[in-house]
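Throw the hints in and build the complete structure from the sequences for me.
For reference, the chains in residue letters:
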Amino acid sequence: GNSVTQMEGPVTLSEEAFLTINCTYTATGYPSLFWYVQYPGEGLQLLLKATKADDKGSNKGFEATYRKETTSFHLEKGSVQVSDSAVYFCALRGGGSQGNLIFGKGTKLSVKP
Amino acid sequence: DTGVSQNPRHKITKRGQNVTFRCDPISEHNRLYWYRQTLGQGPEFLTYFQNEAQLEKSRLLSDRFSAERPKGSFSTLEIQRTEQGDSAMYLCASSPEIGQATGTSGGASYNEQFFGPGTRLTVL
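In order, the protein sequence lines correspond to chains A and B.
When we follow this note's numbering, the leftmost residue of the first sequence carries the number 1, and every step to the right adds one.
When we follow this note's numbering, the leftmost residue of the second sequence carries the number 1001, and every step to the right adds one.
Note that these hints are calculated values from the structure, not bench results.
Fair warning: there could be bad hints in the mix.
Heads up, incomplete: computed chain A residues facing chain B, CB under 7 Å, no partners named [said to hold, decoys possible]:
1) G43
2) L48
3) T71
4) V87
5) F89
6) F103
7) G104
8) K105
9) G106
With a straight-line cut-off of 27 Å between C-alpha atoms, the simulated BS3-like cross-links for lysine-lysine are [what the hints assert, rightly or not]:
10) K1057/B - K105/A
11) K60/A - K108/A
12) K77/A - K56/A
13) K105/A - K60/A
14) K52/A - K68/A
15) K1057/B - K1011/B
16) K1071/B - K105/A
17) K1011/B - K108/A
18) K105/A - K56/A
From the derived model, a few chain B residues whose C-beta atoms are all more than 10 Å from chain A [claimed, not checked]:
19) V1004
20) E1044
21) S1087
Owing to the predicted nature of the structure, the values given are computational and were not obtained by experimental measurement.
For each residue, glycine too, the CB sits at the ideal point set by N, CA and C.
The structure is reproduced here in structure tokens:
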């Protein structure tokens, strides 16, 4: 079945450091891929998405490229800020009609000033 | 506020009691999803509705769980005879129907799921 594996946290970085959170997936067909973010005390928010191979999703300085050959969708940001501290979830939606998301376990990021 | 809302935000109950949660989706969204999130895990799919029809249920949804969306608007999730293992955050999300995409990328259509703040259930 479909599944998502993302690097375990927590990840602690200093402000302005480079961020990579790895995400790989297993899926049949051609899934859409997502990164969601959950800030402390808030609900899940879509951060970025990509729907086909080689697509790059980007938002708020974060980027992720849909790599079909490596079944990966790694999240990157060149310079993190304290305000980026949150839990990040990689997710996929399969090609079927139901549309439910399959999430990874989440990676907690803490950015220190 | 036009986002997804959930009530209550927190619920503490004793084992064996019944609980009911409510989700109000974004008004024009046809699809409504329920997920469960336990500590240290990502959300896990429970069930979804297309308008008032419940189209799929996960194996996680035991017979103690029931969900309804009677008029295709708000939805309720009921857990009967709660167990300590039911303690979790219950998330609701809504989206437009696939094909009524919120955006396109390279010709492919997708729909974004908008999540509510969740209901945190603690079973003592």
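With a cut-off of 7 Å, does the beta carbon of G106/A approach a beta carbon of chain B closely enough for the hint to hold?
Hint on G106/A: holds, closest Cβ of chain B at ~5 Å, below 7 Å.
Straight-line alpha-carbon gap K1057/B to K1011/B, limit 27 Å
Holds: K1057/B and K1011/B sit about 23 Å apart, inside 27 Å.
Does T71/A meet its interface restraint, that is, does its C-beta lie within less than 7 Å of any C-beta in chain B?
violated (18 Å)
Does the structure keep K1071/B and K105/A at a Cα separation of 27 Å or less?
violated (34 Å)
Given the hint that K105/A pairs with K56/A, does the C-alpha gap stay at or below 27 Å?
holds (22 Å)
Grab the minimum C-beta distance from K105/A to chain B and call the hint holds if it beats 7 Å, violated otherwise.
holds (5 Å)
Just want to verify: V1004/B was marked as not at the interface with chain A; is every Cβ pair farther apart than 10 Å?
violated (8 Å)
Could you check if G104/A really has its C-beta closer than 7 Å to a C-beta on chain B?
For G104/A, the interface hint holds, since the closest Cβ of chain B sits about 5 Å away, which is under 7 Å.
Taking C-beta pairs only, is S1087/B more than 10 Å away from all of chain A?
holds (18 Å)
Given L48/A was flagged as interface, is its beta-carbon under 7 Å from a beta-carbon of chain B?
violated (11 Å)
Quick one, are K1011/B and K108/A close enough, alpha carbons at most 27 Å?
holds (25 Å)
Pair hint outcome, K60/A versus K108/A [Cα-Cα no greater than 27 Å]:
Answer holds: K60/A to K108/A is near 18 Å, not above 27 Å.
In this structure, the earlier hints numbered 2, 3, 4, 16, 19 and 20 are contradicted, and the remaining ones agree with it.
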